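Visitor: Chains as they are written, first to last, in numbering that gives the first Met the number 0: chain A, 0 to 291; chain B, 0 to 162.
None of these hints come from the bench; they were simulated from the model. Each hint can be trusted.
Derived CB-CB ranges, DEER-like: (1) Asp134(B) x Ser61(A): 23 to 31 Å; (2) Ser79(B) x Ala82(A): 25 to 33 Å; (3) Arg158(B) x Ala239(A): 44 to 52 Å; (4) His7(B) x Glu15(A): 24 to 32 Å; (5) Gly32(B) x Val153(A): 46 to 54 Å.
What you are looking at is a predicted structure, and each value in this text was computed from that prediction instead of being measured. No residue lacks a Cβ here, since even glycine has one placed at the ideal position from N, Cα and C.
Residue-level listing of the chains:
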Amino acid sequence: MIPAAFEYFAPKSLDEALRLVARHGDEAKLLAGGHSLLPLMKLRLSAPRYVVDIGRIRSLRSIREEGGRIVIGALATHHDVEASELLRITCPLLPETAAEIGDVQVRNRGTVGGSLAHADPAADYPAAILALDAEIVATSSSGTRVIPAAEYFVDLLTTQLRPGEILTEVRIPRTGENSGAAYRKLHQPASHFALAGAAARVTLGPGEKIESVAIGITGVAVNAYRATAAEQMLIGKKAAPKLLAEAAEKVTDGIDPLGDIHASAAYRRAAAAVYARRALEAAIARAGGKKA
Amino acid sequence: MGVEIQVHVNGKSFQNEVDPRLLLVHYLREVLGLTGTHIGCETSLCGACTVLIDGHPVKSCTMLAVQADGAEITTVEGLSSLPEAGGGLHPIQEGFWEKHGLQCGFCTPGMMLAAVGLLRENPSPTHAQIRRALDGNLCRCTGYQHIVEAVEYAARKLRAHKR
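Bound-form chain A, shown alone (with noise of 0.2 Å):
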């Protein structure tokens, strides 16, 4: 399995990457870690004439904490997210996601830019960052466009990124007291992408009624979504356990879900149901200050 032959660029710079990118358009595909786009250039599903390798770009692998809110680079690796101790300590559900994806080797390469770049519909990061309400910022010769989670993911391995952008970072902002975030997900056994995947992320409000309530589903539909609908029907409300199974029963409203050789469209959307549910079950009892 070897990739069609193609020219090679290594910029050493951001702005050496967005003149190379906005000089060939789409006939350039951006490399990070490569573990989406050599799996496809070796299957011959990809073949671009022109790879730029955005790996040596140094600043776009920092996590920092900037302006009230976590700004995490493009190239951060998914054992960087993993092993943050800001991660851990601000936003808890990214290391705990990270830790999720693959296995080492992969989580050593793979990074956050490059799986939220390809969208695969089955890819674990899009869960949290929609449940996280995190900004996409895409960079491009012009200048910088913040794209809201909720706004970009499209369709089947398209988000909103154009030609000519690199996504170079995640914002995520601060979450408030009494909140707790959770990731669960159905794995796949060979390859751990997620069959299913639900984040949660739960504000309480006085009473233990919910505040705030973020879903994001993946594995399911052509892309990673919000559960609107469950989300709808949990605001406001005291957590029940009979209450949270009911809602997660809807995280597949509206969603024609996906059936291949791994699981079908039915088994998925019962998968769906499950995983949402034990991923509300535990943002609420981290919201609440027990351990999940």
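Could you slot chain B onto chain A? The hints should help.
Guide: Okay, now just chain B, sitting in the frame of chain A:
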């Protein structure tokens, strides 16, 4: 059009002009002649091609040789020259020998490098942590139990060596 790369493999420096599409595993095996790194599934699943890049286990079938430019690479051929090997077999190699951590041996180089990566981050792993660290390495012979014991053997030996 070839691209010039410079890599340090098992402590030695190499400079080659390579085709950008050349995979790292093919570079190691065919250009450098280091055939201890095996090619199994070629789809990033089996881990037979695992090597250490700057100390971290990666699958060399899912990396271009050009991406390794400037990197420090350790393959199975280099294990016995690591400082902790003390001139003999590396403790992980000894562990696989003593605990019978292999049958056909095809997955062994990748298993050992994944294990070395783990033991550098976590010198005293639990059973569960060892199994999680070897999650990306498939063995079709052993059932893994002896492999886990081999890693524990190496961990004990490395801890004793440090004292």
